[in-house]
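Visitor: This is what each chain is made of:
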Amino acid sequence: MRIAVDLLGGDHAPDVVVDGALLALDADPSLVPVLVGPIDIAADALAARDARDRVEVVAASQVIEMAEHPARAVRAKRDATVRVAARLVHEGGADAMVSVGSTGATMAAALFTFGRVTGVTRPPLAIVVAAAAHPVVLLDVGSTVEAGPGLLAQFALAGAAYARVRLGLEEPRVGLLSVGSEDVKGDDTRKAAYDAIDAALGELPARFVGNVEGSDVPLGGPADVVVTDGLTGNVLLKGLEGMLTRIAHGLTAVAGDDPVVHRAFRKATAALDADTVGGAILLGVDGVAVVGHGASNAGAVASCIHAAAQAVTDGVVPNVTAALADLVARRRLAAGPPVMPASVTT
Amino acid sequence: MADALTADEVFEIVRAAVARVLEIDPATVSRTTSFAADLHADSLALVEVVEIVEGALRARVHGNFEIDDDDIEDLETVGAAADYAVARL
Chain A
1 MRIAVDLLGG DHAPDVVVDG ALLALDADPS LVPVLVGPID IAADALAARD
51 ARDRVEVVAA SQVIEMAEHP ARAVRAKRDA TVRVAARLVH EGGADAMVSV
101 GSTGATMAAA LFTFGRVTGV TRPPLAIVVA AAAHPVVLLD VGSTVEAGPG
151 LLAQFALAGA AYARVRLGLE EPRVGLLSVG SEDVKGDDTR KAAYDAIDAA
201 LGELPARFVG NVEGSDVPLG GPADVVVTDG LTGNVLLKGL EGMLTRIAHG
251 LTAVAGDDPV VHRAFRKATA ALDADTVGGA ILLGVDGVAV VGHGASNAGA
301 VASCIHAAAQ AVTDGVVPNV TAALADLVAR RRLAAGPPVM PASVTT
Chain B
1 MADALTADEV FEIVRAAVAR VLEIDPATVS RTTSFAADLH ADSLALVEVV
51 EIVEGALRAR VHGNFEIDDD DIEDLETVGA AADYAVARL
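Protein sequences appear in the order of chains A and B.
At position 192 of the first sequence the residue is numbered 192 (the numbering used here), and the sequence of numbers has no breaks.
At position 70 of the second sequence the residue is numbered 70 (the numbering used here), and the sequence of numbers has no breaks.
Hints were generated in silico from the structure; no laboratory data involved.
Quick caveat, the model's predicted, so the values are computed rather than measured.
There could be a bad hint or two in this list.
So the derived label-pair ranges between C-beta atoms look like this [to be verified]: (1) LEU240(A) - ASP68(B): 17 to 27 angstroms; (2) ALA87(B) - THR245(A): 48 to 58 angstroms; (3) ALA80(B) - HIS249(A): 56 to 66 angstroms.
Ideal Cβ positions, reconstructed from N, Cα and C, are used throughout, including at glycine.
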C-alpha cells in the first residue's frame, strides 16, 4: 500500500511529517509512505533519522501556504506538494494521499485531479466520532465553510452513503446540526436545509431524524450522521478536542501526576484523541484523500496515514460512489434534478 | 489541430464542463447564462471549469492551451468564456 504524504503540509513540517511516516511504517511494515516534496529537504530529514532507505520520495518544488486562495494556488502551482501527491494517486503511483496542510488546497487538488463523483459538487470532509452510544459520522468538518440548503442536502446524501459503507448501516439516521431539536430552531439556512434534507432523503434507505444538537455528536444521540457546514463542523470538532485537553489539565490540577488517573483518562478518551483517530476523509472525489490538523504531531500524521490505508482496503471510494449513485438515482427519479447549491470555499 | 474545432464545438465543451461541475442539465446552460447571477458559481467552481476546459481543449488541439488566471473573473457568461477560448486557440 503506497500512501503519498505531503511533506510540507502543516505547522510543523517537514519534521513531524517524516516522523509520522516512520511511525506509520513501524506499526505497519507493509505500508510504503511516499514523501512528496523538495528532494533536498526530504533527504536531509531522512538522513538525520538514518532512514534514507525506508521511505520513498517524489519531487515537488512548491508549497501552498495556509493564507493563499486554495483553488487559485493549486491551479497556479502545478508542482505544489498536494497537486503532485494527487497526481501520483490519479496516475497509479500511490493508492491514497495524506496532507496536514491547507484543507482547501487539498480539497481543490483532489477535486481537480481525481474528479468528482455523481451527486457531489463540493466534497465534504467527514470524520467518524467514537461517540458514547454509537459511532457518529460528522460532516462537513472544514471543506466548505458556507453551505446553502442544497449543499447541506448533498452532504446528507454523501454522509448517508458513507455511513452505509463505513458503519455497515442499512438505513442510517441523518440529523441536521442546529441549536435545538425542534424543527423551527436555527437560522434561515438551517430552516431551509431541514426541508431540503427531508425532501432529498425522502423514501431513500436513510432516515432524516430532524435537528440534533452539538452534544449529540460526542454522546451519540438520535443520528448516525450529523450534517453541518464546514465552519460549524470545524468549530465543533476543535471545541471537542479542546475540551479533552482542558479536562486533562483539570485532572493534573486535581490528581497531580498520578499515573493511574492519567492512564485511565487516556484510555477513556483514546477513541476521541486527534492523535489516534486519524484525519478526515474527503467524500465525493474519485480517490482517497485524508486531511489532518495543521497542528498535527507525528502521531496524528501516522494516524492519518493508517486511516488512508484503511480507506483503500475498505474500498471506501468505490463503495461510497456506488451507494451515492444509488441514492442520487432514486432521488432524481422521485424528485427531479437537484437545485444548484450556493457555496463558498475557503 | 486548432482549426478542426468550430466555435460551436468549443461552446459545447464549455457547456459540458459547466454542467459537470455544477451538476446541472446542460440544456439549461446557454450562451447568456451568467456564472454568478444564474449559476451561483463560486471561485472554486470557476477554476474547476477552467481546468476541465483546458484539459479538453488541449486534448483536441494536441497542443498547449491555457486560460490566463487574471482573466477568469472577467468571464461573466458561458458564451463569453467560449468566445475567449476560441480566441486563444
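Visitor: For every hint, state whether the structure bears it out.
Guide: Evaluated hints:
1. LEU240(A) - ASP68(B): 17 to 27 angstroms: 44 angstroms, violated
2. ALA87(B) - THR245(A): 48 to 58 angstroms: Given range 48 to 58 angstroms: holds, Cβ gap about 57 angstroms.
3. ALA80(B) - HIS249(A): 56 to 66 angstroms: Because 57 angstroms falls inside the window, the suggested range holds.
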